[in-house]
Amino acid sequence: MSPKERILAIVTLTPDKVMSGGAPTFVAASREERERIATYLSRILSAQVHDLENGVYILVRH
Amino acid sequence: MEFWAAVVTGVVLGTLARLAMLRTDYRQYPSYPHGFASHLALGVVAAFTGAVVVPALVEKELTAATFLLLVAQQFREVRDLERKTLERMEETELVRRGAGYIEDIAKVFEARNYLTIFAALVASTLTYLLWRPAAAAGVALVAPLAGVAGAVAVIAVGRRGLDRLPLGAICRVRLGRLCFRDTLLFVDDIQIEEIGLVEARRDYERHGIGIVLEPKDDNARATLANLGQRQAIAHDAAAILGVRKDRDTPEYTPIVRLDLDTGRAALAIIPIEPDPGPLLQAVSRVPVIEGARSRPLSTRAGRRAAD
Chain R
1 MSPKERILAI VTLTPDKVMS GGAPTFVAAS REERERIATY LSRILSAQVH DLENGVYILV
61 RH
Chain H
1 MEFWAAVVTG VVLGTLARLA MLRTDYRQYP SYPHGFASHL ALGVVAAFTG AVVVPALVEK
61 ELTAATFLLL VAQQFREVRD LERKTLERME ETELVRRGAG YIEDIAKVFE ARNYLTIFAA
121 LVASTLTYLL WRPAAAAGVA LVAPLAGVAG AVAVIAVGRR GLDRLPLGAI CRVRLGRLCF
181 RDTLLFVDDI QIEEIGLVEA RRDYERHGIG IVLEPKDDNA RATLANLGQR QAIAHDAAAI
241 LGVRKDRDTP EYTPIVRLDL DTGRAALAII PIEPDPGPLL QAVSRVPVIE GARSRPLSTR
301 AGRRAAD
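Protein sequences, first through last, are from chains R and H.
Going by this note's numbering, the letters in the first sequence line up with residues 1 to 62, in that order.
Going by this note's numbering, the letters in the second sequence line up with residues 1 to 307, in that order.
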């Protein structure tokens, strides 16, 4: 059974906040880099970016 | 002679009835010109069916009547075909219609065809029955005129009965204030969604418009709560005003969310047309989806629960 919403990718400033078991995770060195990577990925994947406010962005297919 | 007068009157009136119903449509549907032509063609067939049935029966052409009844059966599948077409087209829409709206459109299409058959039937029956007495009295034309009157009456009653309520009739539609608290998008105090990208938040702050729908009673509240109804609001707003979105930017998809405490709904959208006036008008005129139309106040429990 596949869920309707899926995390397609994760972009994080702090890698130890994420214990990834499925979604590709990208570590960014700064906020600007994180923003840029997330923007590129969201356009490529047609996914929405959500900010978990602990340094982690997730890209979700709705 | 009366047979042909009846059939011609019926077919013409039925077709005109269908044409009248084709024009007054708000739903950006049917597509023009081929969809339009297809609907009209089916309308002519429906009109012919309705027009020939009664004269055929009276003249004891039972074989013809049987065939006609078989044709009428085919119209049952019409709803299915419409639904399939619309569902295929969903993939091409930037903002989808949703299953509720599609079902509503298909139902309306079916009902309009039946109304065409009925209008043609009434026109042809009246013409047929009145022809001989009218001809004997020297005013043969009274018969088709009676047919016209009958068909017009059917169309008027049918349109009144089948008319869809606009949302503006059951809710108060007004502008809301769009703002962000951290990364959460709000319209007034109704939470819409979380938007992660800074650029997207900036776009919403600069160009976004928020609309609030306040239900007038519990029936309206139940209607607004329906997912299909809310999806229809988003679709119509985007279809009429345009939406600043493409396939790869899902954060700009207009969505309608509820305030669970009061039953109000709020829409956040970045329309291509920056003037909020047309957007308000478009949202007020979104039809109440038949499947979403709920009447809890008609039940005892619903009335007891009403505030």
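Derived by calculation from the structure, the hints in this document are not laboratory data.
Be aware that one or more of the hints could be misleading.
The calculated lysine-lysine pairs, modelled on DSS-like cross-linking and capped at a C-alpha distance of 27 angstroms, are [as the list claims (entries may be wrong)]:
id	chain 1	residue 1	chain 2	residue 2
1	R	K4	R	K17
2	H	K84	H	K107
3	H	K216	R	K4
4	R	K4	H	K84
Sample of chain R residues lacking proximity to chain H, with all beta carbon distances greater than 10 angstroms (derived) [to be verified]:
id	residue
5	R6
6	T14
7	K17
8	G22
9	P24
10	F26
11	A28
12	E33
13	A38
14	S42
15	R43
16	A47
With the C-beta cut set under 10 angstroms, the calculated list includes, among others, these residues of chain H facing chain R [to be verified]:
id	residue
17	E59
18	T63
19	R172
20	D182
21	D189
22	Q191
23	E194
24	I195
25	G196
26	L197
27	V198
28	E199
29	A200
30	T249
31	P250
32	E251
Where is the CB? At the ideal position from N, CA and C, for every residue including glycine.
Hint by hint, here is what the structure shows:
{"no.": "1", "hint": "R:K4 x R:K17", "result": "holds, 25 angstroms"}
{"no.": "2", "hint": "H:K84 x H:K107", "result": "holds, 13 angstroms"}
{"no.": "3", "hint": "H:K216 x R:K4", "result": "violated, 33 angstroms"}
{"no.": "4", "hint": "R:K4 x H:K84", "result": "holds, 22 angstroms"}
{"no.": "5", "hint": "R6", "result": "holds, 13 angstroms"}
{"no.": "6", "hint": "T14", "result": "holds, 16 angstroms"}
{"no.": "7", "hint": "K17", "result": "holds, 15 angstroms"}
{"no.": "8", "hint": "G22", "result": "holds, 19 angstroms"}
{"no.": "9", "hint": "P24", "result": "holds, 17 angstroms"}
{"no.": "10", "hint": "F26", "result": "holds, 14 angstroms"}
{"no.": "11", "hint": "A28", "result": "holds, 13 angstroms"}
{"no.": "12", "hint": "E33", "result": "holds, 13 angstroms"}
{"no.": "13", "hint": "A38", "result": "violated, 6 angstroms"}
{"no.": "14", "hint": "S42", "result": "violated, 7 angstroms"}
{"no.": "15", "hint": "R43", "result": "violated, 5 angstroms"}
{"no.": "16", "hint": "A47", "result": "violated, 7 angstroms"}
{"no.": "17", "hint": "E59", "result": "violated, 59 angstroms"}
{"no.": "18", "hint": "T63", "result": "violated, 54 angstroms"}
{"no.": "19", "hint": "R172", "result": "violated, 30 angstroms"}
{"no.": "20", "hint": "D182", "result": "holds, 7 angstroms"}
{"no.": "21", "hint": "D189", "result": "violated, 20 angstroms"}
{"no.": "22", "hint": "Q191", "result": "violated, 14 angstroms"}
{"no.": "23", "hint": "E194", "result": "holds, 5 angstroms"}
{"no.": "24", "hint": "I195", "result": "holds, 8 angstroms"}
{"no.": "25", "hint": "G196", "result": "holds, 4 angstroms"}
{"no.": "26", "hint": "L197", "result": "holds, 5 angstroms"}
{"no.": "27", "hint": "V198", "result": "holds, 6 angstroms"}
{"no.": "28", "hint": "E199", "result": "holds, 7 angstroms"}
{"no.": "29", "hint": "A200", "result": "holds, 8 angstroms"}
{"no.": "30", "hint": "T249", "result": "holds, 7 angstroms"}
{"no.": "31", "hint": "P250", "result": "holds, 4 angstroms"}
{"no.": "32", "hint": "E251", "result": "holds, 5 angstroms"}
Of the numbered hints listed earlier, those contradicted by the structure are 3, 13, 14, 15, 16, 17, 18, 19, 21 and 22.
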